[in-house]
Amino acid sequence: MVTVALAGNPNCGKTTLFNALTGSRHHVGNWPGVTVERRSGEFLQDGLEIEVVDLPGTYSLAAKSEDERITAQYLASPEPDLILNVLDASNLERNLYLSTLLLELGKPLAFALNMADDAARLGMTLDIPTLATLLGGPVVRTVGSRGEGVEELKSVLAALAQGQELRRPIHVGYGEDIEGELRKLEGDIRRDEQLVRRIPPRWLAIQLLEGSAQAAALVAESHAQTAVQAQAEASRAFLERHLGDDCPTLLAERRYGFAHGLVKEVLRAPKVVPRGATDRLDSVLTHRWLGIPIFVLVMVAVYSLTFVLGKYPQDWIALGFSWIHDRLGALLPPGEVASLVVDGIIPGVGAVVVFVPVIMLLMGCIAFLEDTGYMARAAFIMDRLMHLMGLHGKSFIPLVMGTGCNVPAVQATRTIESRSDRFITILVAPLVSCSARLQVYILIAGTFFRPLAAALAVLAMHFLGFALAMLAGRILRSTLFRGPEAPFVMELPPYRLPVLKSTLIHMWEKGSVFLSRAGTTILAGATLIWFLSHYPGIGNRAWAQELRTQEADILAQKLPPRQEMAALESAQLRHQSRIVNSSLAARAGQRIQPLLSPILDPDHSRPEAWKDVVALSAGFVAKEIVVSTMAVIHQAPAGGSAPGEGLSPLQRALRDQSGLTPLTALAFMVFTLIYTPCLGTVSMMRKELGSWGWSLFGVAYGLGLAWVMAWITVLAGRVLGFS
Amino acid sequence: MPPGAFAKVHSVEAKGEIRQRLLEMGFIRGTRIRVERLAPMGDPMELVIRGTHLSLRKEESACILVVPEA
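One line per chain: the protein sequences are R and A, in this order.
Start counting the first sequence at 53; every next residue gets the next number (this note's numbering).
Start counting the second sequence at 88; every next residue gets the next number (this note's numbering).
Watch out, some of these pointers could steer you wrong.
To be verified - Within a straight-line C-alpha distance of at most 25 angstroms, the following computed BS3-like cross-link-like pairs (lysine-lysine) qualify:
(1) K95/A x K145/A
(2) K316/R x K95/A
(3) K145/A x K102/A
(4) K323/R x K95/A
(5) K206/R x K553/R
(6) K236/R x K206/R
To be clear, the hints were calculated from the coordinates, so they are not data collected in a lab.
Fair warning: this is a prediction, and the values are worked out from it, not measured in the lab.
Please build the complete structure, drawing on both the sequences and the hints.
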């Protein structure tokens, strides 16, 4: 099998070309040790099996970002047999800068002159044979979105792999002075044969002149270290003195000189290349006054599409699982195993699957925004605001989407290139109040506040969430993620019509990757929490027998159907309540409760405060479970209030028996807002951060911050005279 | 530089990562650039270099010394 690495600038249509080359046979994985996605696929050509590896889009191989480091390392490794350099035909000069570096890697190189239709529309004509001669490798004209040139590209790659293609190694001529120094440096490098086997000596020499840390690290392992380092320093100093500029500048100048000269040879273009539609669109979409309102409209559209439309499949999934739940419950003989399957595993799987629609929809929307080019404009518009909180313009969309659900919000941070910006965004995203927490607020605020005050309290939670996210962002930026902020040098690519097939593939991949990687964690966690909140009571045969006797009694009374149903439900609730209130979780809750008493029980007058702790710990699976757990613990259904009475039975129980006061209720809401990302979010954080350590840090600081903020709520409330 | 103005790059005074990034994007002595517009909140700015439209924060663009064109 032959491996082809796909390299190119961002926005050169690389992924679309990748999809066109490989059809639908893809594998999505991660590059070792990092969270950058690795996509690969295969095709068969002339009996030769060819694997294509899609690399992250980069402008250079200088290894400043994670993406560039992976690309540079992979390309220099023995794994890829050839490199396909994808070029945006309508922006050749800038795209060729990367080619000047790829030429140094010493591997067979083919070029795809992609988006050739765009170039033609702009009035550009390209002399492909001359370009192929000057670049020393085959050049194929392609239009990835329509599959044009893909067959030719396949056969060219197969021929190149079999050594049947014209191949003439070309290097950028850096001029006499630099070339002289490169030769000296190369000579020193060649003294270490092992080093030479790992990386082309000339390429290493160039990187050393540029001052690359990766190259220096490579040399540090070599026995020729001293000689090479000394020569590199001498060469740098000499060139700087002699040519009056530092090496990175000199090298970049020569590369652009090469690219410019090449373009002059092969390109016939009108003097002023118009960006027609893009310019017209930008004059509206990034307009001083219209830009922000339009952006808000786009956000509203994405939000509705994801969370309003996504609600339907979510409801169907919930219905489906409750149907399976009921059927299996009736089929299996009652007992611990049945309860594990029916109440533990099935709802656990349901809790995983229910995220898939919103994930796919949000990822589809984001892919659409990215592919059209609007994402870069959104970042352009919002950067000022996000920069104030130590973040990047691209952090805005994930944070806003977090108000629907934190899980896809964390995944949406993928679009942020800089690692520190992405990590900070992921860590603060769970502070944004999601729709699941809204159910808890509604329950509590509706119980303890008058309607207007309740609405204000719910609104205040959302503002508090955003404010804390901003504050935490600033703090993380100035403590754990100090150091120079990643430069905000972002391309604003021309607007393009997205390719539907690519968007659909992207959505499918995001959904399935979520299921396979985050899904298992969620399922395991949900099952564990079920165990903790049901044992040992679930194994109590006598209680189970009691429940069956009670049920039989009720049935024997031959009550009217409505009453019979109610009586049965209340018997079951009593039974469940008994189990949960004697469970491991309840015992732990009673132990932990003193820790939380400054918040939930400041006067030590609430014997039932531990019940809040149990509800909160169950809420770790998903925040809305706080409500259903409270219903079980307090033995009062959450829904179905009697007509004429505004409060539901659970709300009445909370008001009359729980001992919560309006002030401690508010503290409870604040705590619920902040205390921990839910299990789904934690699994997604783990996937996107690539580290359990950072994910647990996210949980821990959430708990700490929640405690402090809720405590402040209680203190401030007291000072203001509330109770 | 006001929006709409043309200039030629004189030098890049930034250090480290930003310098490398600006060089890669083609901010090299003598290259012609144009300021296209400012973002609605006044920062960052959009400028055009070698046919590419880029967004740069003020703190980054302040590192690029240019000679304005008449």
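- Message: For K316/R and K95/A, compute the direct alpha-carbon distance and say whether it is at most 25 angstroms.
- Response: Holds. K316/R to K95/A sits at ~20 angstroms (cutoff 25 angstroms).
- Query: Hey, K95/A versus K145/A, does the alpha-carbon distance stay inside 25 angstroms?
  - Reply: holds (18 angstroms)
- Message: Against the 25 angstroms threshold, does the CA-CA distance of K206/R and K553/R hold or violate the hint?
- Response: holds (20 angstroms)
- Given hint K102/A paired with K145/A - CA-CA distance at most 25 angstroms: holds (15 angstroms)
- Task: Verify the proposed pairing of K236/R with K206/R, using a straight-line Cα cut of 25 angstroms.
- Result: Not OK: K236/R and K206/R at ~40 angstroms, beyond 25 angstroms, violated.
- Query: Hey, K323/R versus K95/A, does the alpha-carbon distance stay inside 25 angstroms?
  - Reply: holds (18 angstroms)
The structure fails to meet hint 6 from the earlier list, while all remaining hints are met.
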